[in-house]
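A.B. asks: Each chain is listed here by its residues.
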Amino acid sequence: MSITIQFFASLREQVGKQQATLPYEAPLDVSTVWTLSTDNMKMPDNTLCAVNMEYVKPDATVSDGDEVAFFPPVTGG
Amino acid sequence: MSITIQFFASLREQVGKQQATLPYEAPLDVSTVWTLSTDNMKMPDNTLCAVNMEYVKPDATVSDGDEVAFFPPVTGG
Amino acid sequence: MPAILLDKIFNPWDEIQRHQAEHLQPGHYGATATFVGTMRDFNISESVSHMRLEHYPAMTQHYLDNLCTQCIDTYDLDDCLVIHRFGEIRPGEPIVLTAAWSGHRAQAFDACRYLMEELKARAPFWKKEVTETGERWVHNDQQAEK
Amino acid sequence: MPAILLDKIFNPWDEIQRHQAEHLQPGHYGATATFVGTMRDFNISESVSHMRLEHYPAMTQHYLDNLCTQCIDTYDLDDCLVIHRFGEIRPGEPIVLTAAWSGHRAQAFDACRYLMEELKARAPFWKKEVTETGERWVHNDQQAEK
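Chains as they are written, first to last, in the working numbering: chain A, -2 to 74; chain B, -2 to 74; chain C, -12 to 133; chain D, -12 to 133.
Heads up, a few of these hints could be off.
No farther apart than 25 angstroms at their CA atoms in a straight line, the calculated lysine to aspartate or glutamate pairs in the DMTMM-like style are these [to be verified]:
#, chain 1, residue 1, chain 2, residue 2
1, B, Lys14, B, Asp42
2, D, Lys107, C, Asp66
3, B, Lys54, C, Glu105
4, A, Lys54, D, Glu105
5, B, Lys14, C, Asp66
6, C, Lys115, B, Glu10
7, A, Lys14, D, Glu41
8, A, Lys39, D, Asp128
9, D, Lys(-5), D, Asp63
10, A, Lys54, A, Asp42
11, C, Lys107, B, Asp42
No wet-lab data here; the hints were simulated from the structure.
Make the full structure from the sequences, and use the hints.
C.D. replies: Spelled out as structure tokens, the structure:
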């Protein structure tokens, strides 16, 4: 299987893509997913991370089949 | 001239009237207006007083032509 | 804006829209906070059939008008609106509406709540509830709509 | 109640009435607090022609649904409602509605504000403003509607 990665808003523009997939290989954490899916870009300081629609920290574990998302601070409302 | 007195809600029922008038005679304060217009009834502790539509304390001065009002704690909203 | 005293049922949501259309400039305000107080059908476990709301017309109008003027100034509002019923009110009917329009949400929320708190503490209204067993004046520590 | 995400203009006051008619029992609640956030036509002194609101559909829905469920529980509400736009928005149009129905005013006010504060802090939405001089992402310290 594999994991799906999504980028939103200004981060999508900075990374230059909206979506990516990675083959799953244990062990895997969120910050490694970032590094692998962005060709070693540095993660901006205020980046927010989610796994399967829940906020997580960059050191959270990623499991096979997960959807990982990266986005800047939110500005809704 | 004279002053007009109004009683509202439960106080109107206790005093037994809605309105009264008194001839003006200086000096006059709100608590004296109460006493004169209620046949010496004791003023209930939580009574609110107004002169010309503004809240006042019982020792406030009353002038000729004023409208004085007495009422219980308010329960609007 | 002057406060509105009404002896008939009103639709608060229609009144908000009417007020916006007449008095507010679209695109200028960013935040609208509103509160509607509605008559409940129970209070202290006894069924209330209806309520009579007495007021002191001239002073109530004067008090609420001043409250609006001062609230707009204090919270830097685009505008505010207060509508309050008097006379006979039935369960489910709106009793009071407060609304505040502002550039920012903190001011709108704070102002809307301030209008309600001041109104409940000091506007000359008195509720009398009619129940199966008779009538009673409501005391301010036991209001159905708090 | 589930939150509603919309890509079209909506009338918040009609939505409140529709929701009340469908989900609330007249006479049971005594307090309704609502907030509407509207797009303003200026931000940092530059004229904004319109705005594009991006979101993360599945997570935004999930986040707002959970927020509503948890808010009803925390504040002992009869019900609450959240509606939020996405896509293209023009000045004067509503962006967000939060509403809370409760027996008492403190809970309704607190819950309505809590919904807005949490939504602004954590719901995955991102605003991009279109001005005469181009486009720009809004940062959360300089939002037109605060």
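A.B. asks: In ascending order, which of the hints set out earlier in this document are inconsistent with the structure?
C.D. replies: 5, 9
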